[in-house]
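There are 2 protein chains.
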Amino acid sequence: MEKYLTIYTETRKKIKAFSYFGWLMGWDQETEAPEGSVEYRTKQYQVLAEEMYKIQSDPAYIEAIEYLYAHKESLEDPDFRVEIKNAFKDLRMVKKVPKDELISYRVLTSQASHIWAKAKEADDFQMFAPTLEKIVEFNRKLVKYLETDELKGYDVLLDMYEEGFGVKEYDLFFDTLKKELVPFVLEVTKGNKPKFNRRLKTAIFPKEQQRKFSEYLMEVFSYDLKHGLLKESAHPFTSGVSSTDTRITTKFHEDNLASSIFSTIHEMGHAIYELQNDPKYDDTFLHGGTSLGIHESQSRMYENMLGRSMAFWKLHYPKLVELFPKQLKGISVEEFYLYINQVERSLIRIEADELTYSLHVMVRYELEKQMINGKLKVKDLPNKWKSLMSQYVGKRPKTDKEGVLQDIHWSGGAIGYFPTYALGSAYAAQMYEAMNKEINIEEAISKNNIKAINLWLKEHVHTFASSKSPKEILQICTKQDFNPAYYVNYLKNKFKQ
Amino acid sequence: MEKYLTIYTETRKKIKAFSYFGWLMGWDQETEAPEGSVEYRTKQYQVLAEEMYKIQSDPAYIEAIEYLYAHKESLEDPDFRVEIKNAFKDLRMVKKVPKDELISYRVLTSQASHIWAKAKEADDFQMFAPTLEKIVEFNRKLVKYLETDELKGYDVLLDMYEEGFGVKEYDLFFDTLKKELVPFVLEVTKGNKPKFNRRLKTAIFPKEQQRKFSEYLMEVFSYDLKHGLLKESAHPFTSGVSSTDTRITTKFHEDNLASSIFSTIHEMGHAIYELQNDPKYDDTFLHGGTSLGIHESQSRMYENMLGRSMAFWKLHYPKLVELFPKQLKGISVEEFYLYINQVERSLIRIEADELTYSLHVMVRYELEKQMINGKLKVKDLPNKWKSLMSQYVGKRPKTDKEGVLQDIHWSGGAIGYFPTYALGSAYAAQMYEAMNKEINIEEAISKNNIKAINLWLKEHVHTFASSKSPKEILQICTKQDFNPAYYVNYLKNKFKQ
Numbered sequence: 001m002e003k004y005l006t007i008y009t010e011t012r013k014k015i016k017a018f019s020y021f022g023w024l025m026g027w028d029q030e031t032e033a034p035e036g037s038v039e040y041r042t043k044q045y046q047v048l049a050e051e052m053y054k055i056q057s058d059p060a061y062i063e064a065i066e067y068l069y070a071h072k073e074s075l076e077d078p079d080f081r082v083e084i085k086n087a088f089k090d091l092r093m094v095k096k097v098p099k100d101e102l103i104s105y106r107v108l109t110s111q112a113s114h115i116w117a118k119a120k121e122a123d124d125f126q127m128f129a130p131t132l133e134k135i136v137e138f139n140r141k142l143v144k145y146l147e148t149d150e151l152k153g154y155d156v157l158l159d160m161y162e163e164g165f166g167v168k169e170y171d172l173f174f175d176t177l178k179k180e181l182v183p184f185v186l187e188v189t190k191g192n193k194p195k196f197n198r199r200l201k202t203a204i205f206p207k208e209q210q211r212k213f214s215e216y217l218m219e220v221f222s223y224d225l226k227h228g229l230l231k232e233s234a235h236p237f238t239s240g241v242s243s244t245d246t247r248i249t250t251k252f253h254e255d256n257l258a259s260s261i262f263s264t265i266h267e268m269g270h271a272i273y274e275l276q277n278d279p280k281y282d283d284t285f286l287h288g289g290t291s292l293g294i295h296e297s298q299s300r301m302y303e304n305m306l307g308r309s310m311a312f313w314k315l316h317y318p319k320l321v322e323l324f325p326k327q328l329k330g331i332s333v334e335e336f337y338l339y340i341n342q343v344e345r346s347l348i349r350i351e352a353d354e355l356t357y358s359l360h361v362m363v364r365y366e367l368e369k370q371m372i373n374g375k376l377k378v379k380d381l382p383n384k385w386k387s388l389m390s391q392y393v394g395k396r397p398k399t400d401k402e403g404v405l406q407d408i409h410w411s412g413g414a415i416g417y418f419p420t421y422a423l424g425s426a427y428a429a430q431m432y433e434a435m436n437k438e439i440n441i442e443e444a445i446s447k448n449n450i451k452a453i454n455l456w457l458k459e460h461v462h463t464f465a466s467s468k469s470p471k472e473i474l475q476i477c478t479k480q481d482f483n484p485a486y487y488v489n490y491l492k493n494k495f496k497q
Numbered sequence: 001m002e003k004y005l006t007i008y009t010e011t012r013k014k015i016k017a018f019s020y021f022g023w024l025m026g027w028d029q030e031t032e033a034p035e036g037s038v039e040y041r042t043k044q045y046q047v048l049a050e051e052m053y054k055i056q057s058d059p060a061y062i063e064a065i066e067y068l069y070a071h072k073e074s075l076e077d078p079d080f081r082v083e084i085k086n087a088f089k090d091l092r093m094v095k096k097v098p099k100d101e102l103i104s105y106r107v108l109t110s111q112a113s114h115i116w117a118k119a120k121e122a123d124d125f126q127m128f129a130p131t132l133e134k135i136v137e138f139n140r141k142l143v144k145y146l147e148t149d150e151l152k153g154y155d156v157l158l159d160m161y162e163e164g165f166g167v168k169e170y171d172l173f174f175d176t177l178k179k180e181l182v183p184f185v186l187e188v189t190k191g192n193k194p195k196f197n198r199r200l201k202t203a204i205f206p207k208e209q210q211r212k213f214s215e216y217l218m219e220v221f222s223y224d225l226k227h228g229l230l231k232e233s234a235h236p237f238t239s240g241v242s243s244t245d246t247r248i249t250t251k252f253h254e255d256n257l258a259s260s261i262f263s264t265i266h267e268m269g270h271a272i273y274e275l276q277n278d279p280k281y282d283d284t285f286l287h288g289g290t291s292l293g294i295h296e297s298q299s300r301m302y303e304n305m306l307g308r309s310m311a312f313w314k315l316h317y318p319k320l321v322e323l324f325p326k327q328l329k330g331i332s333v334e335e336f337y338l339y340i341n342q343v344e345r346s347l348i349r350i351e352a353d354e355l356t357y358s359l360h361v362m363v364r365y366e367l368e369k370q371m372i373n374g375k376l377k378v379k380d381l382p383n384k385w386k387s388l389m390s391q392y393v394g395k396r397p398k399t400d401k402e403g404v405l406q407d408i409h410w411s412g413g414a415i416g417y418f419p420t421y422a423l424g425s426a427y428a429a430q431m432y433e434a435m436n437k438e439i440n441i442e443e444a445i446s447k448n449n450i451k452a453i454n455l456w457l458k459e460h461v462h463t464f465a466s467s468k469s470p471k472e473i474l475q476i477c478t479k480q481d482f483n484p485a486y487y488v489n490y491l492k493n494k495f496k497q
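Chains U and A, in that order, are what the protein sequence lines are.
The first sequence begins at 1 in the numbering used here and counts up one residue at a time.
The second sequence begins at 1 in the numbering used here and counts up one residue at a time.
There's no promise every hint is true.
[What the hints assert, rightly or not] Computed cross-link-like contacts, BS3-like style, restricted to lysine-lysine with a CA-CA straight-line distance of at most 25 Å: (1) A:K314 / A:K329; (2) U:K43 / A:K3; (3) A:K54 / U:K16; (4) U:K226 / A:K207; (5) U:K16 / A:K314; (6) A:K212 / U:K212.
Calculated directly from the structure, the hints in this document are not laboratory data.
All chains should be modelled from the sequences, with the hints used to inform the complete structure.
Below, the structure is given as structure tokens:
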């Protein structure tokens with residue numbers, strides 16, 4: 001036992017260190033590395049990746065994981081048991097999938113985003129279809145390789161991104177949305193017109209002032225600048241490596257004031273989650289969010305439920321007016337609230353509003369499910385996409401560019417990933433209700449005491465890092481299983497006016 | 001042979017990659033990493049450093065170097081011969097110095113800067129003296145371990161920083177300065193008072209405007225932003241890793257306009273040198289400047305000889321006035337020129353002007369030489385420092401804080417390093433003369449054609465990276481051996497008015 005523990009922890013130390021440097025390279029690359037430096041950097045990264053592969057596939061390490069897994073009952077630390085369980089689960093890929101197939105697939109997906117981008121630009125699905133067919137085919141084979149008594153079909157993929165959530169859980173969730181939300185959305189968005197000053201959408205908001213407001217927001221949310229920082233990048237993201245270093249980016253569009261505000265808040269939700277992980281996980285594989293869905297629940301709660309609330313803007317709108325006195329002159333906080341909460345039937349997921357967002361995701365879920373089950377062919381995707389969009393969101397795309405070609409995810413092989421986006425918002429609504437029973441959230445916002453919200457989430461979600469599964473986190477935090485009713489109620493309540 | 005070549009190049013690839021990640025970590029740490037992230041980062045770096053040590057001390061790698069060195073005559077590529085020669089030279093440390101002594105010394109010097117900093121703060125040399133004694137003592141032993149027929153005494157250390165430059169060369173250099181420059185400086189600085197508008201030293205120059213001027217300077221000097229960038233840090237520095245990625249920092253002091261201007265230009269001199277290295281060296285150990293002295297020659301030529309020239313400011317002063325209209329109102333370019341070229345007897349090396357700078361360095365050279373030769377005890381340093389300063393610069397420090405305790409270098413074990421600072425300026429003057437015979441430098445500056453200067457330096461200095469020794473570079477560039485007369489003449493000419 002002692003021997004295997006030593007092998008495991010020594011190897012983990014190396015993997016963590018190499019991951020750190022890979023992380024740092026990614027951060028540098030996305031935020032400031034000079035354009036012409038990519039080739040040299042890639043070459044160095046390949047050496048690191050090769051070393052990493054050697055370490056991770058070392059037979060002694062694999063043997064250690066297998067031994068520890070077989071004797072997991074005698075491991076005293078429950079966190080360590082979880083870690084070993086995860087490590088053993090990760091071995092599946094190496095042990096059950098033929099190496100050459102896995103490598104060809106990795107090569108395929110590393111090049112596919114270029115093909116996808118060109119197809120999207122040309123608005124020509126046929127350019128991407130052969131590649132996507134190969135990706136879907138591999139995933140169907142992958143499912144067969146990895147199936148167990150508990151996990152079958154599409155569930156194998158879904159479980160990779162959100163442990164414990166399969167077709168059964170998602171069907172329950174999306175059926176609720178179909179029944180409750182779709183008719184509501186179609187009703188609310190019927191012929192609606194924005195009821196706010198057009199200047200909010202047409203004025204120019206200088207970058208430097210937007211940056212100042214983002215800095216103000218970091219204070220409001222108590223984002224800890226001793227362990228984080230805000231920078232700019234093409235697409236906003238959060239990049240964390242430990243509870244002592246989790247950084248965010250935003251993007252300033254001078255013609256869109258809302259964009260940087262809600263990107264900054266969204267990313268702070270992700271970052272505060274990881275910064276509030278118990279530091280004891282820093283040196284383990286358990287640091288970080290437990291799943292994509294739980295991660296997204298935090299970012300969306302901060303962005304939408306806190307950041308787009310009236311209580312929030314009653315307190316902070318004056319600061320925004322102070323920074324943009326001309327642009328916001330004569331525009332009331334109520335109008336601003338309507339502007340940041342406008343809803344409409346739209347075609348592009350990443351531009352969708354809070355109300356319709358999950359319905360965009362539902363389209364993808366249906367399509368993935370049918371493709372993996374063999375009921376839908378890649379060639380039939382574009383039309384199926386159009387008809388589902390028209391059914392769920394009430395708007396039919398005319399082109400594939402604003403339809404099936406809009407997302408990059410499938411080109412990278414991410415099938416089973418999309419549903420977590422919708423799940424995150426639904427988790428958030430359920431967590432919000434639980435938290436609101438113990439602290440008055442609106443009051444905390446109004447008293448500029450988001451610290452209290454951070455603290456509650458720390459104790460009920462963040463501190464556990466990945467040591468608990470999404471379902472366990474939900475139980476700890478809300479004392480209930482997942483229930484999409486909270487989400488539907490929240491949305492109906494907010495958008496019924 | 002084939003086998004050893006493969007071992008060597010494969011190992012080099014790994015060392016280069018690991019160095020890349022170490023480089024990136026240093027850059028991040030000095031420019032933006034959140035304060036609280038240091039502990040986690042250090043832990044990861046230790047793992048990398050250990051791996052690096054394993055690779056570098058692998059007996060198979062050492063054997064390969066020894067074999068290749070023994071058969072260097074049959075290596076066809078002359079660059080590769082240089083690389084093997086250097087690698088073999090570097091083995092000395094491992095082979096001739098007892099490992100435990102080397103490790104204790106590294107531990108000592110890794111902690112000594114803290115002790116030095118406290119001693120400096122308290123202005124108490126006695127706090128630092130015992131540590132410095134140990135450092136000097138180790139260096140005296142090191143000299144004994146590494147002495148050869150060609151290199152004896154202090155030369156062993158000097159050669160580490162500037163190959164081919166020993167006491168003989170430096171004595172010739174500094175004797176010239178003593179004879180020619182010291183009397184000149186004492187004459188020129190006698191009772192001199194600044195003859196420029198005091199507003200240059202008292203006005204506030206907002207950081208954002210200073211940043212704009214630094215951006216303007218990057219254009220003027222054709223610093224390639226596809227392969228570089230400018231950021232801020234506590235102390236300005238250049239950080240390069242390949243001919244495709246060499247970055248600089250500056251520091252904006254709102255009460256000191258000159259500081260960021262000349263820091264930016266100085267660092268561009270370093271950066272352009274490395275960016276103009278032949279890219280074929282990127283994957284070898286020959287990328288980078290050949291020595292500290294040659295590196296400093298480039299930075300100081302850009303900063304002082306180009307950047308502090310009248311031709312330069314005649315062209316660019318209007319841009320500065322445009323950015324600081326109030327602060328510079330009514331101040332002529334002639335006054336500005338006097339301001340940036342003021343000379344005075346001062347105590348602190350890093351604040352010294354162009355004329356007196358090398359005399360500060362000379363003090364350190366004399367002291368090091370005597371310490372390593374055993375003629376000067378650490379306890380006698382403070383007084384000796386004071387008397388040399390008074391002799392060479394004409395000003396006697398009252399405290400050790402503004403005397404022997406001012407520099408961090410000795411605490412890190414860098415003995416033999418200082419002289420290269422003075423040498424750099426002297427190289428620069430000699431190179432400038434050579435270049436001026438082929439292109440009219442003042443005219444190039446006046447016509448905003450610094451590109452022509454960059455190009456000349458590329459062909460005569462930069463392209464060779466470390467494949468030539470400092471002496472060889474000087475021969476290629478100036479067709480002469482080192483001659484300090486150029487430097488003395490340049491300074492006398494510039495400052496005689």
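Status of each hint after checking the structure:
1. A:K314 / A:K329: Roughly 16 Å separates the two Cα atoms, so the pair holds.
2. U:K43 / A:K3: holds (23 Å)
3. A:K54 / U:K16: This hinted pair holds, its Cα atoms lying about 18 Å apart.
4. U:K226 / A:K207: It holds: about 23 Å lies between the C-alpha atoms, which stays within 25 Å.
5. U:K16 / A:K314: violated (55 Å)
6. A:K212 / U:K212: Within the cut-off at roughly 19 Å; holds.
Hint violations for this structure: number 5 only, all remaining hints satisfied.
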